[in-house]
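Taken in order, these protein sequences are the chains called A and B.
Numbering-wise (the numbering used here), the first sequence opens with residue 9 and increments by one.
Numbering-wise (the numbering used here), the second sequence opens with residue 9 and increments by one.
Hints in this document: simulated from the structure, not taken from any laboratory.
Keep in mind it's a predicted model, so treat the numbers as computed, not measured.
Warning: the hint list may mix true and false statements.
Claimed, not checked - Chain A is nowhere near these chain B residues, computed Cβ spacing over 12 angstroms in every case:
1. 32
2. 35
3. 39
4. 42
5. 55
6. 91
7. 95
8. 118
9. 131
10. 154
What the hints assert, rightly or not - Partial list, derived from the structure: chain A residues whose beta carbon lies under 10 angstroms from chain B:
11. 63
12. 82
13. 136
14. 156
15. 161
Think of the CB as a built atom: it goes at the ideal place given N, C-alpha and C, for glycine as much as any other residue.
Number of protein chains: 2
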Amino acid sequence: MKKGLLMVNTGEGKGKTTAALGMLLRSWGRDFRVCVIQFIKAETGKWGEVRAAKKLGIEWHTTGDGFTWTSKDMEETAARARHGWELAREKISSGNYDLIVLDEFTYTMAYGWLDVNEVLDWLRKNRPANLHLVITGRSAPEELIAEADLVTEMKVIKHPFDKGIHAQAGVEF
Amino acid sequence: MKKGLLMVNTGEGKGKTTAALGMLLRSWGRDFRVCVIQFIKAETGKWGEVRAAKKLGIEWHTTGDGFTWTSKDMEETAARARHGWELAREKISSGNYDLIVLDEFTYTMAYGWLDVNEVLDWLRKNRPANLHLVITGRSAPEELIAEADLVTEMKVIKHPFDKGIHAQAGVEF
Numbered sequence: 009m010k011k012g013l014l015m016v017n018t019g020e021g022k023g024k025t026t027a028a029l030g031m032l033l034r035s036w037g038r039d040f041r042v043c044v045i046q047f048i049k050a051e052t053g054k055w056g057e058v059r060a061a062k063k064l065g066i067e068w069h070t071t072g073d074g075f076t077w078t079s080k081d082m083e084e085t086a087a088r089a090r091h092g093w094e095l096a097r098e099k100i101s102s103g104n105y106d107l108i109v110l111d112e113f114t115y116t117m118a119y120g121w122l123d124v125n126e127v128l129d130w131l132r133k134n135r136p137a138n139l140h141l142v143i144t145g146r147s148a149p150e151e152l153i154a155e156a157d158l159v160t161e162m163k164v165i166k167h168p169f170d171k172g173i174h175a176q177a178g179v180e181f
Numbered sequence: 009m010k011k012g013l014l015m016v017n018t019g020e021g022k023g024k025t026t027a028a029l030g031m032l033l034r035s036w037g038r039d040f041r042v043c044v045i046q047f048i049k050a051e052t053g054k055w056g057e058v059r060a061a062k063k064l065g066i067e068w069h070t071t072g073d074g075f076t077w078t079s080k081d082m083e084e085t086a087a088r089a090r091h092g093w094e095l096a097r098e099k100i101s102s103g104n105y106d107l108i109v110l111d112e113f114t115y116t117m118a119y120g121w122l123d124v125n126e127v128l129d130w131l132r133k134n135r136p137a138n139l140h141l142v143i144t145g146r147s148a149p150e151e152l153i154a155e156a157d158l159v160t161e162m163k164v165i166k167h168p169f170d171k172g173i174h175a176q177a178g179v180e181f
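Given the sequences, and given the hints that come with them, work out the whole structure.
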């Protein structure tokens with residue numbers, strides 16, 4: 009039995025986006041057609057992963073404003089999330105991809121900008137059977153977890169910030 | 009304060025190697041000098057990640073026989089692990105890298121082929137201060153966790169094998 013998997017990387021720990029990147033690299037290594045849509049994160053293009061994707065020629069869209077949780081203009085932030093979902097639907101239903109990553113997509117549902125049941129309903133009707141979909145972010149809604157094939161929780165056991173060490177370029181971003 | 013991090017991805021869930029790959033991609037995107045040494049896994053070169061690394065020109069060594077846990081010749085398996093560690097020490101102490109991944113390295117200590125205290129002692133004395141080291145695998149020894157800067161546990165919440173879906177090329181390998 010072969011089918012596209014709906015995968016979720018969630019939890020408070022590191023490695024949610026990073027594991028999605030690893031899957032992207034692995035898929036790219038097999039000449040899969042891949043695409044990334046990043047929600048929430050800013051369109052700076054300075055992140056290590058965005059630089060890598062550019063070098064690899066991987067299609068990469070950033071749709072967030074990068075300051076969602078402290079945004080002064082939540083209307084703008086919510087509108088960006090909805091725009092990102094519009095783009096995601098276009099890519100998903102196109103049939104042009106083998107694997108699509110929706111990075112930090114959980115927040116759009118957790119914050120109520122998108123309705124999780126509407127999202128899942130749309131996916132059931134429009135996701136090509138062989139398309140792998142990877143969704144990352146904290147606070148994955150129960151409905152999404154129930155629907156997914158593979159769900160991994162990344163748990164913090166120890167974090168360098170506890171020791172006063174700052175985030176490191178090339179490792180965490 | 010800037011320093012190379014000792015990072016461990018452990019736990020029973022998916023994403024340990026995959027997150028290390030993501031970090032590799034991110035580092036590569038920043039023109040870091042990176043290198044991967046894979047323990048345990050066979051030298052087939054058919055994995056998606058090995059193909060990707062070849063395409064990217066990333067230095068990648070596989071040192072395992074791929075059948076460690078069912079190996080009929082444990083002497084051979086143990087010898088391969090020790091050879092891998094020899095190679096790792098050479099790469100680590102060379103000063104030629106910014107990030108090195110020791111994939112599935114925990115098993116060499118968990119199975120007793122290498123002594124965790126000797127490994128840590130060697131690392132304390134020989135690891136360049138700015139080198140990031142990523143170690144993956146289940147059953148990370150307590151001593152390693154105590155020494156590490158960042159430890160993440162990957163937990164299975166749901167796995168497609170439960171539904172009778174087989175491992176998928178490009179996603180899981």
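Against the structure, the hints come out as follows:
1. 32: violated (7 angstroms)
2. 35: Label violated. Min Cβ-Cβ 4 angstroms, cutoff 12 angstroms.
3. 39: violated (8 angstroms)
4. 42: Given a closest Cβ separation of 9 angstroms, the condition is violated.
5. 55: The claim is violated: residue 55 of chain B sits with its nearest Cβ about 8 angstroms from chain A, within 12 angstroms.
6. 91: holds (25 angstroms)
7. 95: Residue 95 of chain B is indeed farther than 12 angstroms from all Cβ atoms of chain A, at 22 angstroms.
8. 118: Its Cβ never comes within 12 angstroms of chain A, the nearest being 16 angstroms, so this holds.
9. 131: holds (16 angstroms)
10. 154: violated (9 angstroms)
11. 63: holds (7 angstroms)
12. 82: The hint is violated - residue 82 of chain A has no Cβ within 10 angstroms of chain B, the shortest such distance being about 30 angstroms.
13. 136: Not OK, violated: residue 136 of chain A not within 10 angstroms of chain B, min 14 angstroms.
14. 156: Nearest chain B Cβ about 6 angstroms off; hint holds.
15. 161: Holds: closest Cβ of chain B sits about 4 angstroms from residue 161 of chain A, inside 10 angstroms.
Hints 1, 2, 3, 4, 5, 10, 12 and 13 from the list above are not met by this structure, while the remaining hints are.
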